[in-house]
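**Student:** So you can see what is in the structure, the chains are spelled out below.
Protein chains: 2
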Amino acid sequence: MCELLAMSANTPTDLCFSFTGLTRRGGDTGPHRDGWGVAFYEGKAVRAFHESGACASSRIAEVVQTHPIKSEVAICHIRQANVGSVCLANTHPFIRELWGQYWVFAHNGQLTGFSAEPGFYEPVGDTDSETLFCDMLNHLRAGGGRDLPLADMVQMLVRLSSSYAARGVFNLLLSNGDWLFTFCTTKMASITRRAPFGPARLKDADVTVDFEAETTPNDVVSVVVTEPLTTDEQWDVYQPGEWRLWQAGEVVMKGSVPVQTQLGT
Amino acid sequence: MCELLAMSANTPTDLCFSFTGLTRRGGDTGPHRDGWGVAFYEGKAVRAFHESGACASSRIAEVVQTHPIKSEVAICHIRQANVGSVCLANTHPFIRELWGQYWVFAHNGQLTGFSAEPGFYEPVGDTDSETLFCDMLNHLRAGGGRDLPLADMVQMLVRLSSSYAARGVFNLLLSNGDWLFTFCTTKMASITRRAPFGPARLKDADVTVDFEAETTPNDVVSVVVTEPLTTDEQWDVYQPGEWRLWQAGEVVMKGSVPVQTQLGT
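Chains as they are written, first to last, in UniProt numbering: chain A, 1 to 265; chain B, 1 to 265.
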């Protein structure tokens, strides 16, 4: 399977600390050595890095760990392949333009018996994840989502996610740059850091950060992951079927739907 | 204006030498300090790097200069802004998926009085270049280009390029990973390197490469630029209105159309 990491913040914030923890699992403390990718929104644009090799030993991942890229929304994925070969085309996050915005998608899980209807967006690689992403976008476009109020758009996302979750494991990170939609069938947790900030220690590397020194009192920075990254903080674990919509570091909508958790991971 | 660089090769080849020369012009030997980007095809996938700052002083550009990324098609752009603010969303090359392939576009020039018809693909930023790219893709899709033989597809590209060139300067690099289409209204030149390989010296940096040591006798590697990068090689200069389609390092189709060169740069 794979691991996911996302950030939602109310001010451009770098992901160096969390990215350093996650990427240790890409061939060092974890087995996710079949590619990695990260996408940072910078205004409306997305700056992305992808590689088909192990991030724990990647020179480019090392640059991303140490070169602060400030973003309000970021999505990261490290891959342990199941469906689809190990190659760059199969490396998340996937990116498409819809309605003049870049949409970024990363997924953990696997569906059984899913096939997408033909549509405008088509996968380039051969993962079921990219096919799911294209299917979501095709449904949003066909459903006239462009001018929908956010609450209605989110209901479309929830309905689509529920339909995928009925076929297997569908832990999702999705953003259009304005918001971050997260959906959990088996594993997801979040943490929101705000004043008073304290220190935090990574689980996967001997690294501690003092967020007090890195932030201003108004900063709100949330991180969503499939497995918590720190040992000395309280992570808020999602329930199976739970979804949360994040904006500027805060949960602005949330809910839950029934999912078949017995499908396991 | 901007500068363009592309590579077409019959074997995965790195762009380190040419990229090192071009990026000196991004704030050092040239004024193109308003962003840079490069896209490398790796199989069907694209690995891209974009920044809104000057490449001559960029840590990420330095990594791309020194970390060999092997590709058969690559497209690079350094920007001196005219239309559109200096920001990541306005940084070439632009990328979209069409028919399950990633298409990559970079453009030098500026059009007068161009406005695109609404279509599926929409610009994210506010450059005329990205609008042109979306307009091209919308026309290709509407024109049923998917199943066209390559020669017919190229004729569509030539007709579209001619129509844009009627409105100004349109020096174009476009690829879908299978081929590289190049169109010149004012400045473009190419070089094809094949055995027997020799040395080459960059114009913009004190760097010499011995291609003999870097290649095999079967390699064919072509580079297309708006301004030649080396001082000791013979570059093949495009005429105004000339287009060339490259595959595996070779020109496989070419031709020319009338253009209004008096529009100048």
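Derived by calculation from the structure, the hints in this document are not laboratory data. Possibly wrong hints are sitting among the right ones.
Repeated chains share a single entry, so a pair holds when one copy, or any two copies, can fit it.
[To be verified] Only pairs whose alpha carbons sit at most 25 Å apart, straight line, appear in this in silico SDA-like list of lysine to any residue:
id: 1; residue 1: 44; residue 2: 80
id: 2; residue 1: 70; residue 2: 80
id: 3; residue 1: 203; residue 2: 112
id: 4; residue 1: 44; residue 2: 204
id: 5; residue 1: 44; residue 2: 98
id: 6; residue 1: 44; residue 2: 57
id: 7; residue 1: 70; residue 2: 126
id: 8; residue 1: 70; residue 2: 120
Keep in mind it's a predicted model, so treat the numbers as computed, not measured.
**Student:** The structure should be examined with respect to each hint, and the outcome stated for every one.
**Tutor:** Quick rundown of the hints versus the structure:
Taking the closest pair of Cα atoms, residue 44 and residue 80 come within 25 Å of each other only across two copies (20 Å); inside a single copy the shortest separation is 30 Å, beyond that limit. Proximity of residue 70 and residue 80 under a CA criterion of 25 Å is satisfied inter-copy only: 23 Å between copies versus 27 Å inside one chain copy. Proximity of residue 203 and residue 112 under a CA criterion of 25 Å is satisfied in neither setting, with 33 Å inside one chain copy and 57 Å between copies. Taking the shortest Cα distances, residue 44 and residue 204 never come within 25 Å of each other, neither inside one copy (32 Å) nor across copies (33 Å).
Taking the closest pair of Cα atoms, residue 44 and residue 98 come within 25 Å of each other both inside a single copy (12 Å) and across two copies (21 Å). Only between protomers do residue 44 and residue 57 lie at most 25 Å apart by alpha-carbon distance; the minimum there is 24 Å, versus 31 Å within a single protomer. Proximity of residue 70 and residue 126 under a CA criterion of 25 Å is satisfied inter-copy only: 22 Å between copies versus 32 Å inside one chain copy. Taking the closest pair of Cα atoms, residue 70 and residue 120 never come within 25 Å of each other, the shortest separation being 32 Å inside a single copy and 30 Å across copies.
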